[in-house]
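In order, the protein sequences belong to chains A and B.
Straight run, no breaks: the first sequence in my numbering ends on number 383.
Straight run, no breaks: the second sequence in my numbering ends on number 1047.
It is worth saying that the hints were derived from the structure and are not from the lab.
We put the beta carbon where it would ideally sit given N, CA and C, even for glycine.
Misleading hints may appear alongside valid ones.
[Claimed, not checked] Over the 10 Å line for every Cβ pair with chain B, so calculated as not near, a few chain A residues:
1. Arg13
2. Ala16
3. Tyr44
4. Gly48
5. Pro60
6. Asp79
7. His127
8. Glu132
9. Gly178
10. Ala239
11. Arg266
12. Arg297
13. Asp325
[To be verified] With a Cα cut of at most 30 Å, we get these calculated DSS-like pairs of lysine-lysine:
14. B:Lys1047 / A:Lys192
15. A:Lys111 / A:Lys356
16. B:Lys1047 / A:Lys191
17. B:Lys1047 / A:Lys175
18. A:Lys383 / A:Lys52
19. A:Lys307 / A:Lys47
20. A:Lys383 / A:Lys53
21. A:Lys333 / A:Lys383
22. A:Lys111 / A:Lys175
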Amino acid sequence: MHARVFIKVQRHRILAVLLMGMVVIVTIITGRQYLSLHEEDVFYPSKGLSTKKRLSEYNPALRETPGDTTVYLFQGTTDGVHILILGGTHPKEPAGFLTAVVLLENIAVAKGKIFIIPQANRSGFTHNDPFEGDPQRFHVDTSGGMRSFRFGSRLTNPVHQWPDSTLFTNTAGQKLSGAEARNLNRNYPGKKRGHLTEMVAYGIIQLMEQEKIDLAIDLHEAAPEYPIVNAMVFHENSAELAAISSLNLQLEGVNLSLESSPPNLRGLSHREWGDHTQAKAVLLETANCSHGRLKGRPSARLVVEGKDKNYLKAASLGRLFVSYDPDGIPLRKRVYRHLVSVKALALALQEMHPEKSLVFIHYPNTSIILEQGLGAQLRPPAK
Amino acid sequence: MTLFYHGIVLFLTINLIWYLFREKKFWAQVSTAIVLVIFLLRLFLIK
Chain A
1 MHARVFIKVQ RHRILAVLLM GMVVIVTIIT GRQYLSLHEE DVFYPSKGLS
51 TKKRLSEYNP ALRETPGDTT VYLFQGTTDG VHILILGGTH PKEPAGFLTA
101 VVLLENIAVA KGKIFIIPQA NRSGFTHNDP FEGDPQRFHV DTSGGMRSFR
151 FGSRLTNPVH QWPDSTLFTN TAGQKLSGAE ARNLNRNYPG KKRGHLTEMV
201 AYGIIQLMEQ EKIDLAIDLH EAAPEYPIVN AMVFHENSAE LAAISSLNLQ
251 LEGVNLSLES SPPNLRGLSH REWGDHTQAK AVLLETANCS HGRLKGRPSA
301 RLVVEGKDKN YLKAASLGRL FVSYDPDGIP LRKRVYRHLV SVKALALALQ
351 EMHPEKSLVF IHYPNTSIIL EQGLGAQLRP PAK
Chain B
1001 MTLFYHGIVL FLTINLIWYL FREKKFWAQV STAIVLVIFL LRLFLIK
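Using the sequences and the hints, build the whole thing.
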């Protein structure tokens, strides 16, 4: 009788204890899932790798911060052209990131230097965008098993850079919305001791100056309904280079629209790299459905296969800036597009400056990627 | 700045736990529990 009265009176407290227990369990499970994004992706550089550096060698303020990232250097026996390839500026644009990974796992250089940064905004790989329902990872099948890669956010993790102001004026003087303070591609030329994203941008600019980079390529993806897609955005110092490489790509059947970098849109790589360094600056965009607003349910499959019925409908209504068929725009096609564009740019630069040539001993086999998939040019995971 | 953030989140988390034990309406308790998960993830700087 007493026990029954006690339960009736204290029922809400007993429920509170039960709910508190559930809160702890849910927090532990979700917390572990979120924290798993802090585990680094594993890459297997080719034998052509000369050395691995850290971005903090160019901006010491980055040392021991989540913004410090690995720079892979492939150096020929003789000097030639110096190229910087940046993937992962926006970690939710996987073709840019994976193109850099395919390159670092396959290339060897006889003449010239290639610097590859596969995860330019390393902090952005440690979280997802809230409310987007994006997958945490996507997978690529290789000959020796599945490789897993993180699908991050467009922005630096707010745990690493906080708070966002309502408005943000970047180091180039452009006024933007507050969250853009965490967008690496709005923070050039950066600041030596600014907030984390500014310091990363500054480190990249320093690398370009100290290593005398001749050509810098920033690899991106955009939604198929976005006008600047399957495009090459170039600084005015790179107009000739962009035109030659685009013509050569057209001969290979790869159509690329050319977009000049707007002089009044400041803080972006294609603008500030060209303004602040000697490098020719180019940004490449492919079309990615998982990035778009018209997509259905987001999933790792959508990231890899690029198939979405909403985009088919949008294409039939003429709402897209790229052609779209039932085969979709898979990751292998997007990486293929970036790889052939990078090679075309390197060859065009050589055509313009024969004294600064670049000789590859090995370059990823792009036809195999198109026919057999991306895994054919990625190394199998270590057991 | 992070110290202030921790202080504010800790204060609100304690308030939510206190409210969870005092509240007598079932759905209000469930709602509080859901909000608590988010506050705990923030308190430990996980998300």
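Hints, verified against the model:
1. Arg13: For Arg13 (chain A), whose nearest Cβ neighbour in chain B is about 6 Å away, the distance does not exceed 10 Å, so it is violated.
2. Ala16: violated (4 Å)
3. Tyr44: holds (30 Å)
4. Gly48: holds (39 Å)
5. Pro60: Given a closest Cβ separation of 23 Å, the condition holds.
6. Asp79: holds (46 Å)
7. His127: The claim is violated: His127 (chain A) sits with its nearest Cβ about 7 Å from chain B, within 10 Å.
8. Glu132: holds (13 Å)
9. Gly178: holds (15 Å)
10. Ala239: holds (44 Å)
11. Arg266: Arg266 (chain A) clear of chain B: closest Cβ-Cβ about 27 Å, beyond 10 Å.
12. Arg297: Non-interface label stands for Arg297 (chain A): nearest chain B Cβ at 22 Å, farther than 10 Å.
13. Asp325: holds (38 Å)
14. B:Lys1047 / A:Lys192: Between Lys1047 (chain B) and Lys192 (chain A) the Cα gap is close to 27 Å, so the pair holds against 30 Å.
15. A:Lys111 / A:Lys356: holds (9 Å)
16. B:Lys1047 / A:Lys191: holds (26 Å)
17. B:Lys1047 / A:Lys175: holds (27 Å)
18. A:Lys383 / A:Lys52: holds (23 Å)
19. A:Lys307 / A:Lys47: Violated, at about 35 Å.
20. A:Lys383 / A:Lys53: Holds, because 26 Å separates the two Cα atoms, which is no more than 30 Å.
21. A:Lys333 / A:Lys383: holds (28 Å)
22. A:Lys111 / A:Lys175: Not OK: Lys111 (chain A) and Lys175 (chain A) at ~42 Å, beyond 30 Å, violated.
Hints 1, 2, 7, 19, 22 from the earlier list are contradicted by this structure; the remaining hints agree with it.
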